[in-house]
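Listed here are the chains, written in short residue letters.
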Amino acid sequence: MGNVTAYLTRKSRSLAGYVLDPIRTFKTFVAGRFKNRLAVDHPSHQDVEALRTSFNTRYRHFRSLLTANNNALQAMAELEKLYYSGESYRMAEARSKIVAILVNVYKIVRNLREMTSGKYAELESRFEKISDDITTIIESKPSFKIGPFILPLSQINRKLRRQTGDKMANLGEISCLPGIMVPQGFVITASATNHFITDVHLAEINRRLQILETDDLEGLYKTCADLQQMVREIPLPPDFEELLQMQYGMLEKSAPGCLVAMRSSAVGEDVAGISFAGLYTTILDVDRDHLSEAYKRVIAGKYSPRAIAYRRRRGVRHEDIEMCVGCLVMVDAKVSGVAYSSYPIGSARQKIRIVATPGLAKGVVDGTNSSDIFLANWQPPYAVVHSEDSTDSIEKRAESRGNPLLSQAQLQELCEKIMLLEDHFKCPQDIEWSFDGRGGLHILQCRPIPQDIEEAAKEKTRDTTATSEDETAIIKGGVCAGDGIASGKVFKVFTSEDAQRFPHDAVLAVEYPLPEWAPLLNRASAVLAENGTEAGHLATVAREFSLPALFSLTDIMRNLENGQTITVDSSAKKIYQGCRKDLLIRKRPRRDLMAGSPVQRILTEALQHITPLNLNDPASHYFKAAWCETLHDITRYCHEKSVSEMFNFGEKIHFDQGMAKRLVADVPLQWWVINLADGFRRDIDEAQKSIDIKDIVSEPMLAIWQGISAYPWQGPPPLTTRGLGAIILQSTMRPELDPAVASKLIVKNYFLILKSYCNLSLRLGYHYAMIESYISDFLSESYITFRFKGGAADMRRKAVRARLLAEILREFGFRVELRSDALLARLKKQPRDYLIKRLQVLGYLSLHTRQIDMVMDQQDSVARYKSKFLREINEMLAAEPTPPGGAEHG
Amino acid sequence: MDKQYKLLLVDDEVEFLETTAKFLRKRHIECETADCCMQGLDLLSADHFDVVLMDMSMPGLNGLQCMAEMKKVQPDLKILILTGHGSLNAGINGMKQGAFNYCLKPINFEDLLEMILLARQAYKEND
Chain A
1 MGNVTAYLTR KSRSLAGYVL DPIRTFKTFV AGRFKNRLAV DHPSHQDVEA
51 LRTSFNTRYR HFRSLLTANN NALQAMAELE KLYYSGESYR MAEARSKIVA
101 ILVNVYKIVR NLREMTSGKY AELESRFEKI SDDITTIIES KPSFKIGPFI
151 LPLSQINRKL RRQTGDKMAN LGEISCLPGI MVPQGFVITA SATNHFITDV
201 HLAEINRRLQ ILETDDLEGL YKTCADLQQM VREIPLPPDF EELLQMQYGM
251 LEKSAPGCLV AMRSSAVGED VAGISFAGLY TTILDVDRDH LSEAYKRVIA
301 GKYSPRAIAY RRRRGVRHED IEMCVGCLVM VDAKVSGVAY SSYPIGSARQ
351 KIRIVATPGL AKGVVDGTNS SDIFLANWQP PYAVVHSEDS TDSIEKRAES
401 RGNPLLSQAQ LQELCEKIML LEDHFKCPQD IEWSFDGRGG LHILQCRPIP
451 QDIEEAAKEK TRDTTATSED ETAIIKGGVC AGDGIASGKV FKVFTSEDAQ
501 RFPHDAVLAV EYPLPEWAPL LNRASAVLAE NGTEAGHLAT VAREFSLPAL
551 FSLTDIMRNL ENGQTITVDS SAKKIYQGCR KDLLIRKRPR RDLMAGSPVQ
601 RILTEALQHI TPLNLNDPAS HYFKAAWCET LHDITRYCHE KSVSEMFNFG
651 EKIHFDQGMA KRLVADVPLQ WWVINLADGF RRDIDEAQKS IDIKDIVSEP
701 MLAIWQGISA YPWQGPPPLT TRGLGAIILQ STMRPELDPA VASKLIVKNY
751 FLILKSYCNL SLRLGYHYAM IESYISDFLS ESYITFRFKG GAADMRRKAV
801 RARLLAEILR EFGFRVELRS DALLARLKKQ PRDYLIKRLQ VLGYLSLHTR
851 QIDMVMDQQD SVARYKSKFL REINEMLAAE PTPPGGAEHG
Chain B
1001 MDKQYKLLLV DDEVEFLETT AKFLRKRHIE CETADCCMQG LDLLSADHFD
1051 VVLMDMSMPG LNGLQCMAEM KKVQPDLKIL ILTGHGSLNA GINGMKQGAF
1101 NYCLKPINFE DLLEMILLAR QAYKEND
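These protein sequence lines map, in sequence, to chains A and B. Heads up: the first sequence is residues 1 to 890, going by the working numbering. Heads up: the second sequence is residues 1001 to 1127, going by the working numbering.
Calculated directly from the structure, the hints in this document are not laboratory data. Treat the hints loosely; a few may be bogus.
Using 27 angstroms as the maximum straight-line C-alpha spacing, the simulated DSS-like pairs for lysine-lysine come out as follows [as the list claims (entries may be wrong)]: (1) B/Lys1071 - A/Lys828; (2) A/Lys81 - B/Lys1105; (3) A/Lys119 - B/Lys1096; (4) B/Lys1124 - A/Lys829; (5) B/Lys1072 - A/Lys829; (6) B/Lys1124 - B/Lys1026; (7) A/Lys641 - B/Lys1096; (8) A/Lys828 - B/Lys1124; (9) A/Lys624 - B/Lys1096; (10) A/Lys489 - A/Lys587; (11) A/Lys141 - B/Lys1105; (12) A/Lys222 - B/Lys1105; (13) A/Lys866 - A/Lys837; (14) B/Lys1026 - A/Lys829; (15) A/Lys141 - A/Lys119; (16) A/Lys129 - B/Lys1096; (17) A/Lys222 - B/Lys1022.
Predicted, not measured: the structure shown is a model, and the values here were computed from it.
Make the full structure from the sequences, and use the hints.
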């Protein structure tokens, strides 16, 4: 490790009074750097000590700044990766990256200010402003208006949905329609929930969700259990409890001893076509004594694993959803079910689709009951054109022989009401219904058909011939609950313990498509179930996630083996042995589930203050703290300023010429080395005017030098007349480019070195190149930056050369930004050996690409140079590394 | 000869303490654990530490208050705050009040290790 300051400190302590070479080097450096300011040519011992301390401090801050700079850029890259990946991410992950960026940019600003004794004060206010803007965006909450805690269903309509949730708002609205019967009841509003769950609880919930590891299913289940328990243990505020009992009392007046169903109804579910199908809790048969407990359990359902996993996948924060609870008198249901008012949507042949089951509708939506399916005409008298009996309810059917589940009259009444509801809401509806013992029809839920079902249905009408004719399927049949083709290894899940071990990209196989399995859909490639239909909640979620889902497959839990690789073609209702690539080519791309979600909207807005880079050109008039508009601008600005503050190198070169030593080496051109502290061997004579490459211990410099000296430079390429003309023209336009008038500095190549650091500045008359590197045992400290700009040829040829360089550098893993003839290549967070090899590549290129811009218009010359460069670089890298300090061309 | 350097872990979540300590010891980082700030301060007065890794939200003194107390005892201590609690501003405030680094969970253990080593290096350089 190049721990310069620690090294200097240790040495000066143990050998006080004895001036060692690195210190003398340092002294020379400092004297040169501070000569003008302090006006002393030969500083006294005391001055040197003070200056040494000052240098140490500056250098320490400089290094911290570089580390923070790398960490900030890394976190920005990771944040962009999250955002652009097309995969789902949690707000917690984004927030954690943003904190890392903020903290590191703050460190950058602080270190720059400390290394310059308080200059750049304006950066602080820029940083404060930008970080405040970002905080406001990230911590924004949906606006919320306080209202009554409880509202009777009969007084509710769509306008009140921000208080009651969509589900109950719809139910309230249709309760006023003629001929529509809904259960009596009331809604416990979002205002009540806010009264129940306070900011203190929310802070703890946020904390628990924040620390959740992204991929830790076990942790997810544990956190959910803890959060749900926490919610259940919050005492109900007494005023709220009293009101609840009072409202229940009023229900009891008309239905003595009644039991109620407590149903979730969430505010904010209507965003971005998100279904939230069956993710929340419904509790049936609740009596007076269990009202509070049931209420809390429904509220706690917001933190079930399935709800959290689903929100994460769809980019919805838990703050975006406010939970309300509908409290409805239980219907004594004889037959129940769900219905789609139009199916398939948009088809000329669309029908009313009814799924019915004996008793309560619960069995339809969680796939535990077999059901009968009816398709009826859209127009009165709603003739049934198709019906399917459930396959495994033969016993039940035998019991009720001669009594179909729904009579003709009931089907007709149901169809009438379904169409009435569609007419009212003016779009296809998904309806939950029950017939009671006296034949009364109750509507329990009514909402627009989720977008995904519409899309799936359209897909089906378009693509009915896409079924495979292949007869090699090992399993055929079932109900297609989600279209698609996918392959993977079978993983059977019977218990929640199995669920916690569910691997990525496996095919999920279950007996019942219970909503509990929804979290596994984040990692499954396909879903198979022995029971259930496409009307179930898990089917809805599978479709949203574009997963192939095949349900009602008899005995698959017995017929498939764990670990068996299969291909599921759910559209064709077939399963094949092995991975069938011939079928997988028909796979449709998954949709971007985050599109339009609250999390994505927030991040889109926040990124505007983080990643765009407006300060590109340090020479520009606008390269000022006041013009920093993003955190990236601040980072870029501070890096530039810190380098010039530390070394005053680059634009203004003020260092003492006497400090630079000419490098003795067998390579053409002049090379000069400035030792900043511990870049030379300890025993060299400080007075000598030259330095041998063997006496250099700077690891990055030696690597660059290996690249420079690996192959002899063949001199400038032969020019065409046109090429020469371009040089002459450029030289007249920019006199500093003319080699005849070039100043001493322009023709020299400078290495600024420490043991672990090197900054090589090449001003080769016509172009400017800079290689900077710090090599450390810590990945987050290590980096290489390469800048390249200019040339003597016209802009087009200069740009061609820059592009050639970019192509080669990308092959070696550099991240390259290219603007016209200006190139910036970077590597960060890579191990030592990897960086050393890349420095060799840069050393090679910085010598061998000299002046080739002149011939960049000649046919084939680009390709020729590229293949020559790649061949030689690969040969160089394959060769045994030369031991440090012993380069051949010493 | 280098001094022995030791890390102090302070968090009221015992599970996190144990997992982290186990991970660090496996990588030859000597560490002691405290489940609240007061216990941390006791350990600090009895032994020599270079780096403290601490959670923000603890019963009793919270992370920022605890950091202030620890800095009174040993001003050159490098304090890393690793927390799940967090408005974004809390991070900047933590830095302003002298934390060496402030991270919001989730963070992976390898990144954590590097962060500790960097803090340790900074401590040695000040030493």
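Here is what the structure says about each hint:
Distance restraint check for B/Lys1071 and A/Lys828: the Cα-Cα separation of roughly 33 angstroms exceeds the 27 angstroms cut-off, and the hinted pair is therefore not satisfied. Between A/Lys81 and B/Lys1105 the alpha-carbon distance is near 18 angstroms, which keeps this suggested pair within the 27 angstroms criterion. Of the pairs offered as hints, the one joining A/Lys119 and B/Lys1096 holds, with about 18 angstroms between alpha carbons and a cut-off of 27 angstroms not exceeded. Distance restraint check for B/Lys1124 and A/Lys829: the Cα-Cα separation of roughly 22 angstroms lies within the 27 angstroms cut-off, and the hinted pair is therefore satisfied.
Taken as a hint, the B/Lys1072 and A/Lys829 pair is broken in the structure, with Cα atoms around 35 angstroms apart against an allowance of 27 angstroms. Among the hinted pairs, B/Lys1124 with B/Lys1026 is consistent with the structure: their alpha-carbon atoms are about 22 angstroms apart, no more than 27 angstroms. This hinted pair checks out: A/Lys641 and B/Lys1096 have alpha carbons roughly 22 angstroms apart, not beyond 27 angstroms. With a CA separation close to 24 angstroms, the supplied pair A/Lys828 and B/Lys1124 stays within the 27 angstroms bound.
Proposed proximity of A/Lys624 and B/Lys1096 is supported: the alpha carbons are some 24 angstroms apart, at most 27 angstroms. Between A/Lys489 and A/Lys587, the direct Cα distance comes to roughly 17 angstroms. Compliance with the 27 angstroms bound is thereby established for this hinted pair. Among the hinted pairs, A/Lys141 with B/Lys1105 is consistent with the structure: their alpha-carbon atoms are about 21 angstroms apart, no more than 27 angstroms. For the suggested pair A/Lys222 and B/Lys1105, the alpha carbons sit about 17 angstroms apart, so the restraint of at most 27 angstroms is met.
A threshold of 27 angstroms between alpha carbons decides the hint, and for A/Lys866 with A/Lys837 the separation of about 18 angstroms falls inside it, so the pair holds. At roughly 23 angstroms between alpha-carbon atoms, B/Lys1026 and A/Lys829 fall within 27 angstroms of each other, so this suggested pair holds. Restraint check for A/Lys141 and A/Lys119: the C-alpha separation of about 38 angstroms exceeds 27 angstroms, so the hint is violated. Restraint check for A/Lys129 and B/Lys1096: satisfied, since their Cα atoms lie roughly 16 angstroms apart, inside the 27 angstroms limit.
With a C-alpha separation of about 21 angstroms, the suggested pairing of A/Lys222 with B/Lys1022 holds against the 27 angstroms cut-off.
In this structure, the hints that do not hold are numbers 1, 5, 15, in rising order.
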